[in-house]
Each structure stands twice: as C-alpha cells, then as structure tokens.
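Construct all of the structure, not just a fragment, from the sequences and the given hints.
There are 2 protein chains.
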Amino acid sequence: MTIMLALAFAWASGAQELSNFARGGQKPIVSPDIQGDSVTFSLKADYATVVKLSGSWMPNPWGGTIDMTRGENNVWSVKIPLPEPEIYTYNFVVDGVAVNDPQNVLVQRDGTRYLSMLIVPGARTENYVEAKTHGTVSHPWYQSDILGYSRRLTVYTPYGYENSPKKKYPVLYLLHGAGGDEEAWISMGRTAQILDNLIEKGLAEPMIVVMPNGNPGQQAARTLNIPEKAINWRSEENRDAYVKSLCTEIVPFIEKNFRVIPKPSSRAIAGLSMGGGHTISASNLYPELFDYICPLSAAGRSTPEQAAALKKAGVKLYFLACGSSDFLFEGSKTLDKTLTEQGLEHTFFVSEGGHTWANWRLYLNTFAPLLFK
Amino acid sequence: MTIMLALAFAWASGAQELSNFARGGQKPIVSPDIQGDSVTFSLKADYATVVKLSGSWMPNPWGGTIDMTRGENNVWSVKIPLPEPEIYTYNFVVDGVAVNDPQNVLVQRDGTRYLSMLIVPGARTENYVEAKTHGTVSHPWYQSDILGYSRRLTVYTPYGYENSPKKKYPVLYLLHGAGGDEEAWISMGRTAQILDNLIEKGLAEPMIVVMPNGNPGQQAARTLNIPEKAINWRSEENRDAYVKSLCTEIVPFIEKNFRVIPKPSSRAIAGLSMGGGHTISASNLYPELFDYICPLSAAGRSTPEQAAALKKAGVKLYFLACGSSDFLFEGSKTLDKTLTEQGLEHTFFVSEGGHTWANWRLYLNTFAPLLFK
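Keeping their order, the protein sequence lines are chains A and B. Here the first sequence stands for residues 29 to 401, numbered as in the working numbering. Here the second sequence stands for residues 29 to 401, numbered as in the working numbering.
Derived by calculation from the structure, the hints in this document are not laboratory data. Computed from a prediction, not measured in an experiment: that's the story for all the values here. All C-beta atoms in this analysis are idealised placements derived from N, C-alpha and C, irrespective of residue type, glycine included. Any given hint might turn out to be false.
[Said to hold, decoys possible] Here are the simulated DSSO-like pairs of lysine-lysine, each with C-alpha atoms no more than 27 Å apart in a straight line:
1) B:Lys195 to A:Lys195
2) B:Lys196 to A:Lys196
3) A:Lys196 to B:Lys284
4) B:Lys160 to A:Lys284
5) B:Lys80 to A:Lys55
6) B:Lys284 to A:Lys284
7) A:Lys340 to A:Lys365
8) A:Lys195 to B:Lys196
9) B:Lys195 to A:Lys196
[Said to hold, decoys possible] Quick look at which bits of chain B chain A covers, simulated, 3 or more residues with Cβ under 8 Å:
10) 73-84
11) 123-131
12) 140-148
13) 169-183
Following this line, the structure appears as structure tokens:
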C-alpha cells in the first residue's frame, strides 16, 4: 500500500526526479490557455513585486512588456487578444528577470536561451503542427578531415523511408544562421513538421533534409568540449573550411550512408542569414553540385562572374528570399540585381517583416514544394 | 558596412532571433563557473529583492536554498564548495519564482520542467561526458495497432554501425518511469554518452538501445495532439496494452528496420520505476523473449510461478537494483526474496540514495557491461 501511494505521488508530480522546489496543492495552472479569440498566460509567484509578459508578437519585443495582475493564490495572469496565426516565443519577467512558463512543455532553444512557445492555429501554421505521418529525425556523426574532428548532423528522412528499401531520395542541405547549430532548423524552424505535412499532402517530393552544424569551431550543439585537433578556422586560409567540409565531406557521407540520388538535379541547398552566406559560397565554389539554390535573408554576395558560372551550370531553381524590413534586405536586392544582369532566371521572394524564424519557416514552407520537380 | 555591423551584432548576441528582453553591454557572466574545489553561480537581476540558489546536491532540495548576494551591476552570485562528482540540476529562485540559469546551455527536461545542469567532473561522471566516438541517436516512428496510432521511439545505434553494413547487433530495450517519455533516458539518463564511453573503452558490447514512450496515452514527447483512435488504455482489459505493444510491435519493428541479432540471448530489457514495472511485466508475459532482465528502482512484483517460469526459460542475467532509501526499496526486497526462493540466480544491487537519476545513470553504467557476454 505504501508503494502504491508513493507511486501515485510520483505520477501526480508529473516528473521523475524530486523537484528542486516545493509544489503546492492548488489546482493546476493552465498556461498558455487559448479560448476563442483570446489567450491567457498565468504564473504562480508568491513573493514577486512586479510580473510582466514579454512576447515576440509585440511591436517591440526587445523592451515591450504587458503587466500581469496578481490573483487568487498569488497566481499572476493576463488575458490578451490572440495574435495572428504564427509560432511565437514568450517569457515572463519577474522583478526584472526573464522566466519561462513552467506549465508549457513547448520550448525552443535559441543559443543558450530556452523560450516558451505559443502556437496560434490558422492557415499560416497548419504545416507547423504534427502531421499524421512522421519522418525520422536522426543525429549521425561524420568525420571531418578538413576541420580535424568528428561532427554531429541532423538528418530528416521522410515517412516511408524505412519501408521502401529500394527507393532513392533527393536531398536538401539546410543551413542555420549565426548563433544557431544543427538543432536550430528542427527546434525553431519546425522542419520535420513542415516536411511531414507538405509530403503528406502531396505538395512536396519526399526528400531527405540534412542540417549540419555550420560553426567550424563547434563539434555539436550543447557539447562543451572543444575539439583538440580543430584547425584555426578563424584564419584567412581556412575561411571556407566549413563550406568545403559541407561539399566534399558531408555530401559524400550522406550519399554513402543514406539512399539518395547522387546527382545535381537531386541536390538542393538553402540557408538563412550566415547559412545563406554559406549557401552562396557553396554554390559559387562548386557551381555544378546543386541544381536548387535558396539563400534566405542571406549574408553574402556573388560576383557577376559567379552568377554567370551558375547560369552556365544550368541551375534549375534560384530562390532568393528576404523580409522587406530585414537589415540584410539591401544585400539581397544587390544579389537580385547581379543575378538579373547575368540573365540567371530566379525568384526574389520578398515577405513582410525582418530577420525572424517566422519568415524562415514561411520560406521553407514556400520553396520546399518547388524542389526536385 | 551597415550589413557587416548588423551581422557582427547578431554574432555577439549569440542568438538567431531577436531577444525577448533587452541585453546590456556588461562583460559576459559565466555560470556555473567551476574553479578548483568551488563553483560560483551568477545571475543578473536588476530589480529582485531576494535571489536564492536551489540545487539537487542539497540535503533538502525540496525546500533548501542558499542566499545569493547582490554585486556589481546587480549580478547576484554565490560561491559554494564543489559537490561530489555527479550530474546535478539547479535553478535560481528570484523573489520566490524558479528560474533557469540563462548562461548555461546544458538543460535537462523532466516532464514540463527544464532544469539547468551542473556536471562535476570525476570518476563517477567520466562516462557521462562526451566520448571521442559517437553513436547515432534517431527518432523513428512505429505503427501500433494495439494502441491505435503511430508512436515515436528513440534509438541509439553504436559508433561504427553505418560503416559495418554486415554486422548485426544485440538490443537493449530501456524504459523510462512515470512522468518520463522517450527522451528521458537520453536527456537525464545520458544514455548516449554512457554507451559511447563504455563501448569505446571495450567495457561493453556494441549494442543498439531502444527507448520507447511508455505512456500508452501519449504519441510522443512534447506533441500536444491526442491520438484520435487511441484505445481506452486506462481500462482493466487494456492494462498490459503498452507492454504488449513493446513485445509484439516494437521488438519486431526494430528487428525489421535495424541490423539486429533476433534471438533472446541478444535481447535485454531494463527500466526504472514504472519502467521497472514494465520490465517485470514484459518478462513475465513473455518469459522467453529476453535473456537479460534489469528492473531498476522498480514498481512491480513477480509471483513464485512467474519467477519459476523465468528460471525455466534460462535467463542469463537478472539484475535487480534499488537505492537503500528509495520509497520502493521494500518492493525490491520482496522481489529479491521471491527470486531467491525460486532459485533464480540474480544480482541485487543496492546503492545509496533514493529514487533519482543519479542512481539510474549509475545502474546503466554498471549493468550495460554485463549484457550479451
């Protein structure tokens, strides 16, 4: 009987190990709580003086906050109109310190910061939530002789991959930005959900998506050991070391270990911000490797000669995307102009907003259906 | 030039999307900061009245805290003697509210709670940190006709799996406890690091480790949609539905999709708490399926007849483990007695402490070298 009571307690606490802080016996708090056109956020804070809410839907997410009100049992809350459908991040600010929502299991990691997520349902987000069928996300390690150590990848294989042992797939190489790592596109970008939904609906070709770690001094996300044999990747002679590793080590590793179609017409490369720069560099250094090239909010440029070389190589899709208020928008306009002048057929997809994951999810959801067709 | 400055800023912020809260220009805070025999924790909190530290190494982690002191620039800190080598979780308490350490990228998820990690180096933790070589962690989905929907698994394949296409491997099925899910053993249990290290040192056989989701009403960790076709798993007739899915659906799925040795002598089952109960149930329902059985801090029991059936089936290792102050210790002693009375050779491994991940990591590190030999 003692055992059963103790077990019931372990269940009720909803956690496997003993909590670091006491939990009361009050009724459970639901947060965020979407009801109709509004959403309520709640936090228990017994001794706080001021509790605020900060969310990425606010006009000024850097400093803007909404005051929360102390209610029964010191549960602070605020009810706001539901923002437009999108995935947002938010946190509470308790006496000046940012706090995640302890009731919300949905959390994104952005560098060292873990942020609670609010998913507002709607047409914009319908491909960002779980589909009925699911691909497999795996984390294999490849050996980089160029960078001098083994490195972790994230690989998405589409639903059906395991059950179709003779089928071969095209591959999208999808690159993160500065501050990101091999988990960024999966966590913040919702890549698995977007591809699951697009493929399930017949809108995108079943494809493999490879998400490497684009930081040449980093072995993997969240590992703190620094590789002993790492090259000096900051030196000028090594400036393209990661892009070279991508094109001459990661691509062959994937083509050896997964069932892929090893042809330019079945290879795409896309990346955001710094990863957009890597996309541009990779396509310029290896113009015949990828037939589909998608720089997103990209930090990078091409010379007229490089654009001409890509045209000659017979690129099938060049999809350039940027937000109209992005601080890199001028650079994208310059690249658009260079491509136009060299007669390289391309799409310049301009969205509202700036340098945000809201845009990068939209771009992936937009260009993935255009690949390999 | 504008572009380059903006980019430099994005780098410096260490994050891809704009922060939800303002960041100052002060020198970066390092926390936790291990120096010699002490560790210092720091948190910037401009408007807080009381800031405390709570850690799982404390004698009373439920309520015990240490006061932190306000220093220059409103950075609160406390320096404490380094605890014994182990992996701990901790958080700050700002005016009564638990807060993660925003400087620390190492975070464990326990149910809905995200907790900062402190890894104290030493003999106890040497297999808990990154090895030189790494297996692959993947998340395939299997279809459960018993439970009525598709479900997510975590699978570890050892280093070398991809490069040895003819080699076949034994499999350990490793089950979580109440409040956990298919990510618990990877996140809190450090399974990939422990297996990587044990295999690299030649202490354990290269093996595949399969970590299912043991909650029959849950499709996957952190997905919030409830499967439409789920059976009523709370009903008495369905009480063993998950264990049946494990033994008659997951085992065949793994043996079809991975290169395994499909024999009892190459199958092990282990689990903690509720997962220890599942381990006991599975071995009792299917006594010939697993030759290696390891209930850890287990919630479950066996009848004399069941123990006799396991003896008859020729079990190669029965490794029962529990902490001497665990609230389930009496149950483990009862099981030990039943096994002894039925003449089933077994190990009863009793450690210090209670129902904690410190013990479950220790148990995995202890029994994994005994498997498949």
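Status of each hint after checking the structure:
For the proposed pair B:Lys195 and A:Lys195, the alpha carbon gap of about 23 Å is at most 27 Å, so the pair holds. About 24 Å separates the Cα atoms of B:Lys196 and A:Lys196, which keeps this hinted pair within 27 Å; it holds. Between A:Lys196 and B:Lys284 the CA atoms are separated by roughly 19 Å; this keeps the pair inside 27 Å, and the hint holds. Taking the CA atoms of B:Lys160 and A:Lys284, the gap is about 22 Å. The hint holds against a cut of 27 Å.
Between B:Lys80 and A:Lys55, the direct Cα distance comes to roughly 26 Å. Compliance with the 27 Å bound is thereby established for this hinted pair. For the given pair, B:Lys284 sits about 21 Å from A:Lys284 by alpha-carbon distance, which is consistent with the 27 Å threshold. Between A:Lys340 and A:Lys365 the alpha-carbon distance is near 18 Å, which keeps this suggested pair within the 27 Å criterion. The straight-line distance between the Cα atoms of A:Lys195 and B:Lys196 is roughly 23 Å, inside the 27 Å bound, and the hint therefore holds.
Only pairs whose Cα atoms come within 27 Å are accepted, and B:Lys195 paired with A:Lys196 is accepted, the gap being roughly 23 Å. For the region 73-84 of chain B, the assignment as covered by chain A holds, since 9 residues bring a beta-carbon within under 8 Å of that chain's beta-carbons and 3 suffice. Coverage of the region 123-131 of chain B by chain A holds in this model, with 8 residues showing a Cβ closer than 8 Å to a Cβ of that chain against a need of three. Under a criterion of three residues with beta carbons nearer than 8 Å to beta carbons of chain A, the stated coverage of the region 140-148 of chain B is upheld, 4 such residues being counted.
Coverage of the region 169-183 of chain B by chain A holds in this model, with 3 residues showing a Cβ closer than 8 Å to a Cβ of that chain against a need of three.
Of the numbered hints given earlier, the model fails none.
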